[in-house]
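J.: So the chains spell out like this:
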Amino acid sequence: MTIIVTTSGPELDSPVDPRFGRAAYFLVVDPVSSDYKAHPNPALDAAGGAGTQAAQFASSQGVEAVVSGAFGPNAFQALEAAGIVMSLLGPAWLTRSGALRCALP
Amino acid sequence: MVDSLRGSSLRIAVASGKGGTGKTTIAASLALSLAAAGSPPLFLDCDVEAPNAHLILHPNLGRREDVAILIPRVDEAACTHCGRCAEVCQYHAIAVLGKRVMVFPPLCHGCGSCREQCPEHVISETPSVIGVLEAGPARAGIAFARGVLNIGEPMAGPVIRRLKQWAKPEAGQPVILDAPPGTSCPVVESIRRTDFLLLVTEPTPFGLHDLKLAVEVSRELGLPVGIVINRDGVGNAGVEDYCRAENLPILLHIPYERAIAEATARGRSLLDVHPELETRFQAVFEMIVDAVGARA
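Residue numbers (the working numbering), protein chains in the order written: chain A, 1 to 105; chain B, 106 to 401.
I should point out that these hints are in silico values taken from the structure, not numbers from a laboratory. Backbone N, C-alpha and C fix where the C-beta goes; we use that ideal spot for every residue, glycine too. Incorrect hints may have been included.
[To be verified] Quick list of the computed label-pair ranges, beta carbon to beta carbon: (1) 40(A) / 241(B): 32 to 40 Å; (2) 37(A) / 297(B): 40 to 48 Å; (3) 64(A) / 210(B): 25 to 33 Å.
[Unchecked claim] Stretch by stretch, here's where chain B covers chain A in the computed footprint (C-beta under 8 Å, at least three residues): (4) 15-26; (5) 39-50; (6) 80-87.
Work out the full structure: start from the sequences and follow the hints.
T.: Have a look at this one:
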């Protein structure tokens with residue numbers, strides 16, 4: 001099983017990016033082994049449709065869940081249709097660097 | 106004055122960058138001044154998200170036509186979910202998620218690329234009404250037309266584009282286009298394929314900041330520009346200094362006066378307060394005709 005966590009940098013220690021569609025990076029993480037791969041968000045500077053593009057990326061990666069600080073209405077609909085679980089992180093975790101690392105084994 | 110146009114209708118766009126500088130006040134005054142000189146123009150209110158020129162020009166809007174864009178509809182039973190449609194959509198309005206295809210109408214520009222590119226030919230299109238065009242005669246013989254974007258619809262561009270095709274000037278009739286504020290797509294759509302850009306600004310740091318952006322857009326489009334300074338007397342000399350440094354002609358100053366604001370708030374024009382400005386606006390039009398003629 002893999003999940004996507006939106007991050008503001010390409011490392012496990014990078015803070016979680018609070019926005020899904022406009023996140024700087026998508027970290028595809030295996031929460032059991034802590035293996036991960038960072039993908040820069042191709043839609044970061046898109047004029048519109050960043051959420052639908054990000055949801056398609058998540059779907060193409062075959063992840064079961066995505067973790068972020070917020071999901072826009074288009075991303076929400078698309079992720080729901082794709083059957084991907086959405087998890088919201090609270091503000092206290094969003095500002096904390098290393099939050100992701102300490103959640104992994 | 107129409108002689109110098111050689112029968113072709115001159116299209117003058119009025120824009121500003123900053124909102125609330127007086128675009129509509131200036132555009133309406135120019136239109137009324139041309140009408141008074143015996144050459145009533147076609148006036149297009151292109152600010153389809155918040156049209157307001159009717160408050161000054163008082164048109165009788167008898168002609169109406171809906172504006173629709175074509176939204177894709179996918180026959181999911183026949184779809185192979187190859188993802189080609191999502192790949193070609195530069196607005197990301199169509200998404201292929203595993204065995205599901207989703208269309209996001211608010212993101213769709215109705216370009217038809219997905220239907221065109223679908224290898225299985227399972228995409229059809231259905232019209233979706235996003236706004237309306239309205240036209241009719243206004244004050245002083247001015248031909249008036251405007252677009253109105255429906256509430257909740259995000260895309261002004263297609264309504265503006267359609268308005269410019271729909272409302273045609275008569276031979277030799279000048280066209281005045283009242284553009285929306287800002288410098289983004291709706292402004293570009295309004296001012297493209299015009300002959301001259303009249304930029305209305307105010308002598309404040311905010312006015313100057315957005316004037317610079319608007320001038321950059323005009324250069325990108327290769328449009329000649331003239332400046333109108335409204336609310337002259339407030340702020341500082343920043344706008345004048347900038348225009349001098351950039352060689353931008355200042356065609357008119359409108360004073361900062363409470364009486365003008367009061368008249369406008371009552372649906373009257375600037376010329377109702379300052380009738381003497383009529384000849385000044387006519388002179389501005391002649392300067393524009395000369396400037397456009399010199400380039401041709």
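J.: All the hints need checking, so say for each whether the structure fits it.
T.: Structure-based check of each hint:
1. Range check, residue 40(A) to residue 241(B): Cβ separation about 53 Å, and the 32 to 40 Å hint is violated.
2. A hinted range of 40 to 48 Å for the beta carbons of residue 37(A) and residue 297(B) is consistent with their spacing of about 44 Å.
3. With their beta carbons about 29 Å apart, residue 64(A) and residue 210(B) fall inside the hinted range of 25 to 33 Å.
4. Residues of the stretch 15-26 of chain A lying with their CB closer than 8 Å to a CB of chain B number 0, which falls below the three-residue condition for coverage.
5. Check on the stretch 39-50 of chain A: 6 of its residues sit with their Cβ under 8 Å from a Cβ of chain B, so the three-residue criterion for coverage holds.
6. For the stretch 80-87 of chain A, the proposed coverage by chain B is satisfied: 3 residues have a C-beta within less than 8 Å of a C-beta in that chain, meeting the threshold of three.
Of the hints listed earlier, those the structure fails to meet are numbers 1, 4, in rising order.
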